[in-house]
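Q: This is what each chain is made of:
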Amino acid sequence: MSVVSPVRPVGVLDRRMTLRELVDQPSLTDLCMSFVELHRLGVKVFDEDGARLVDIKTGSGDFCAYLFTKSPGKQRCTETVTYLKQHPLPVVGNERGCEARTCFSGTRYVMAPIVHEGDLLGRVVLGPFVPEEAGDLSPELFELAGAFDLERVRELQKRIRRASETAVRRIAEHFGKVLEVLLFASYRAALTSQMHIEAISEDYRELQAKSRELKESYERLQELDRLKSNFLATVSHELRTPLTSIIGYSEMLLAGLAGELNPEQEDYLSTVLEKGEGLLNLITSLLDLSKVESQGVKLALKETAVPAIVRQSVSTVLPLATKRRIELSTEVDESMPPAVVDPDKLRQAIVNLLSNAVKFTPDGGKILVRSGLLPQAPEGTGPFGRASRFLVSVQDNGIGIAPAEQERIFETFYQVDSSSTRAHGGAGLGLSLVKSYVEAHGGKVWVQSRLDEGSTFTLDLPLETAQPARP
Amino acid sequence: MGAKRILVVEDDPAILALEERLLRHAGFEVRGAPGSSEALALAAEEEFDLFVLDVMLPGMSGYELARALAARDPARQVPLVFATANQAADGVREGFRTGAALYLVKPFQTATLLSTVRAAMGS
Ligand SMILES: Nc1ncnc2c1ncn2[C@@H]1O[C@H](COP(=O)(O)OP(=O)(O)OP(=O)(O)O)[C@@H](O)[C@H]1O
Ligand SMILES: [Mg+2]
Numbered sequence: 001m002s003v004v005s006p007v008r009p010v011g012v013l014d015r016r017m018t019l020r021e022l023v024d025q026p027s028l029t030d031l032c033m034s035f036v037e038l039h040r041l042g043v044k045v046f047d048e049d050g051a052r053l054v055d056i057k058t059g060s061g062d063f064c065a066y067l068f069t070k071s072p073g074k075q076r077c078t079e080t081v082t083y084l085k086q087h088p089l090p091v092v093g094n095e096r097g098c099e100a101r102t103c104f105s106g107t108r109y110v111m112a113p114i115v116h117e118g119d120l121l122g123r124v125v126l127g128p129f130v131p132e133e134a135g136d137l138s139p140e141l142f143e144l145a146g147a148f149d150l151e152r153v154r155e156l157q158k159r160i161r162r163a164s165e166t167a168v169r170r171i172a173e174h175f176g177k178v179l180e181v182l183l184f185a186s187y188r189a190a191l192t193s194q195m196h197i198e199a200i201s202e203d204y205r206e207l208q209a210k211s212r213e214l215k216e217s218y219e220r221l222q223e224l225d226r227l228k229s230n231f232l233a234t235v236s237h238e239l240r241t242p243l244t245s246i247i248g249y250s251e252m253l254l255a256g257l258a259g260e261l262n263p264e265q266e267d268y269l270s271t272v273l274e275k276g277e278g279l280l281n282l283i284t285s286l287l288d289l290s291k292v293e294s295q296g297v298k299l300a301l302k303e304t305a306v307p308a309i310v311r312q313s314v315s316t317v318l319p320l321a322t323k324r325r326i327e328l329s330t331e332v333d334e335s336m337p338p339a340v341v342d343p344d345k346l347r348q349a350i351v352n353l354l355s356n357a358v359k360f361t362p363d364g365g366k367i368l369v370r371s372g373l374l375p376q377a378p379e380g381t382g383p384f385g386r387a388s389r390f391l392v393s394v395q396d397n398g399i400g401i402a403p404a405e406q407e408r409i410f411e412t413f414y415q416v417d418s419s420s421t422r423a424h425g426g427a428g429l430g431l432s433l434v435k436s437y438v439e440a441h442g443g444k445v446w447v448q449s450r451l452d453e454g455s456t457f458t459l460d461l462p463l464e465t466a467q468p469a470r471p
Numbered sequence: 001m002g003a004k005r006i007l008v009v010e011d012d013p014a015i016l017a018l019e020e021r022l023l024r025h026a027g028f029e030v031r032g033a034p035g036s037s038e039a040l041a042l043a044a045e046e047e048f049d050l051f052v053l054d055v056m057l058p059g060m061s062g063y064e065l066a067r068a069l070a071a072r073d074p075a076r077q078v079p080l081v082f083a084t085a086n087q088a089a090d091g092v093r094e095g096f097r098t099g100a101a102l103y104l105v106k107p108f109q110t111a112t113l114l115s116t117v118r119a120a121m122g123s
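Chains as they are written, first to last, in our numbering: chain A, 1 to 471; chain B, 1 to 123.
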């Protein structure tokens, strides 16, 4: 067995903290401000990587800005700044010490290390100041006389404090001491908050582990789902194969291919055929339903002539209706524009309604199928006054449905009367499929019915079903 | 011109007999094969005007068999009917990719078998 040791991040105490983590930025800025005001010297603070934490200027702003406007000035200024930020401070004894740097403009800076518990955390840069001993402008500025108006430079330089380097070095040392106190105080605060952060990170790691577990179990579920639909596809295949023979041979015998049948034989065979077809319908619906449940309804949208779909649906149930002496008539608006729908799903929805109508209407009854545009419903009207929805309705004068049942019949497996189920067959799947298919198109289905008088089922569908967004 | 010749490949013997019987009764000349090797052997000996292939055959699938049959004689495009008891639509698409003319879902009504076969042969 292998032991897995959890990988932990470096803890607070094991790790060197950066200046930025250690100091409280507002306190540092306050401290620097008071130094700037006290000594009339600019203060910059950089961390070890040269990132700027504080930059306060006094007096030098316009001077530097003016020299920065022309490219020779800009370039030399940038050199100075880079030096101030990054150039390693000199080692004095076994510590880092201060260093002065003179800019091309003749002004000077003093850099001092920021040390905490022996670690070099960054540097403070004081300046610029005009060195006490300096005369007029620096020789380098005279070299650039063509680029700059030296009178103006002289004017601006007057605003910068004159100081001796020794004094500024002393100020820098003093600043370092004060900063050390600030760092000491901040360090404790930082430690506490850092520990908080680690506690939170620990929680976060736990959360991550949890969500990984969740993801894994979700994937297992998906796998199960895939197996389930595979299973259903296989079962469906295994049931349909023998049914092919049951239905096929019955039909062949009934067609007299093996010789004349007497009426009794014909009757028995018709029963075999009918039950076989019932079984086939059940298997088909079950697989359709499980598909709807596992992956939702996937529409294959196409421009479709609705009247043709209605005719095909009618012809599917016509043999059964004829046998039951049910009059099946249609009122189809042939002039309606093509609809963008999934033709197979629409056909199946209509066939399901029609087979119910045939099933629940006594011999000699009447069924009427209508289809056409939705008559002037204001909210169903398109931008140019064209109707944007169409209806298909199936009306029968059969047994009807009591008001209390009219909602429930759309539920999966729900049937009004189990004894009527015995008489009629079916499993209560037809209408739930109709509902799923119609709703997938953004349409609806409803029933109007009176007990013992008949029922009308209506599909209300958009003329143009929007293509679902691809995930 | 003689009767059109159909090769039916189907591993379920009851269905094979049923299809042979129905097609013969409709006036076609029919050869039946219970598997792909028998089908390939028959196709090597005789010329056919139509193949009716079960999709779920043991070993080689109906689609693979269709490709193998087509590869034997690429010049002659023999029309195809795929018969399958798989109701899922994915199979339908694969059938069309191999260039199948038509697709027959089992169980089928006898009339559907005949109309599909006639439509595939373009008569
Ligand atoms: N036209 C109708 N007249 C009277 N009752 C109906 C009609 N259509 C549906 N019903 C009632 O609604 C129930 C549910 O119908 P649904 O089509 O979902 O199932 P089914 O027809 O019983 O079975 P299946 O459609 O799965 O073969 C039916 O059992 C019946 O009680
Ligand atoms: Mg039904």
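Don't read these hints as lab results, they were simulated from the structure. Backbone N, C-alpha and C define an ideal beta-carbon position, used for all residues, glycine too. Be careful, since some hints might not be right.
Unchecked claim - Cut-off 25 Å, straight-line C-alpha distance, at most; resulting in silico cross-link-like pairs (SDA-like, lysine to any residue): (1) A:K275 / B:P58; (2) A:K275 / B:A17; (3) A:K57 / A:H39; (4) A:K298 / B:V105; (5) A:K228 / B:L57; (6) A:K275 / B:A111; (7) A:K302 / B:V105; (8) A:K302 / A:G425; (9) A:K275 / B:V105; (10) A:K323 / A:G364; (11) A:K323 / B:A111; (12) A:K291 / B:V105; (13) A:K359 / A:K298; (14) A:K177 / A:R16; (15) A:K323 / B:L114; (16) A:K323 / B:T112; (17) A:K228 / B:V105; (18) A:K359 / B:Q109; (19) A:K228 / B:R31; (20) A:K323 / B:Q109; (21) A:K228 / B:M56; (22) A:K291 / B:A14; (23) A:K275 / B:K4; (24) A:K70 / A:K177; (25) A:K275 / B:D12; (26) A:K291 / A:K444; (27) A:K359 / A:Y414; (28) A:K302 / B:L114; (29) A:K228 / B:P58; (30) B:K4 / A:G256; (31) A:K359 / B:A111; (32) A:K275 / B:A119; (33) B:K4 / A:A255; (34) A:K275 / B:L114; (35) A:K291 / A:G425; (36) A:K302 / B:T116; (37) A:K366 / A:G400.
To be verified - These stretches of chain B come out as covered by chain A in the derived footprint (C-beta under 8 Å, 3 or more residues): (38) 37 to 47; (39) 59 to 72.
Q: A separate judgement is required for each hint: does it hold in the structure or not?
A: Tested hints:
no.	hint	in the structure
1	A:K275 / B:P58	30 Å, violated
2	A:K275 / B:A17	22 Å, holds
3	A:K57 / A:H39	12 Å, holds
4	A:K298 / B:V105	20 Å, holds
5	A:K228 / B:L57	23 Å, holds
6	A:K275 / B:A111	19 Å, holds
7	A:K302 / B:V105	22 Å, holds
8	A:K302 / A:G425	33 Å, violated
9	A:K275 / B:V105	19 Å, holds
10	A:K323 / A:G364	10 Å, holds
11	A:K323 / B:A111	18 Å, holds
12	A:K291 / B:V105	18 Å, holds
13	A:K359 / A:K298	29 Å, violated
14	A:K177 / A:R16	20 Å, holds
15	A:K323 / B:L114	23 Å, holds
16	A:K323 / B:T112	20 Å, holds
17	A:K228 / B:V105	22 Å, holds
18	A:K359 / B:Q109	21 Å, holds
19	A:K228 / B:R31	38 Å, violated
20	A:K323 / B:Q109	18 Å, holds
21	A:K228 / B:M56	20 Å, holds
22	A:K291 / B:A14	30 Å, violated
23	A:K275 / B:K4	35 Å, violated
24	A:K70 / A:K177	39 Å, violated
25	A:K275 / B:D12	22 Å, holds
26	A:K291 / A:K444	20 Å, holds
27	A:K359 / A:Y414	16 Å, holds
28	A:K302 / B:L114	28 Å, violated
29	A:K228 / B:P58	23 Å, holds
30	B:K4 / A:G256	24 Å, holds
31	A:K359 / B:A111	24 Å, holds
32	A:K275 / B:A119	30 Å, violated
33	B:K4 / A:A255	23 Å, holds
34	A:K275 / B:L114	23 Å, holds
35	A:K291 / A:G425	22 Å, holds
36	A:K302 / B:T116	23 Å, holds
37	A:K366 / A:G400	13 Å, holds
38	37 to 47	violated (count 0)
39	59 to 72	violated (count 0)
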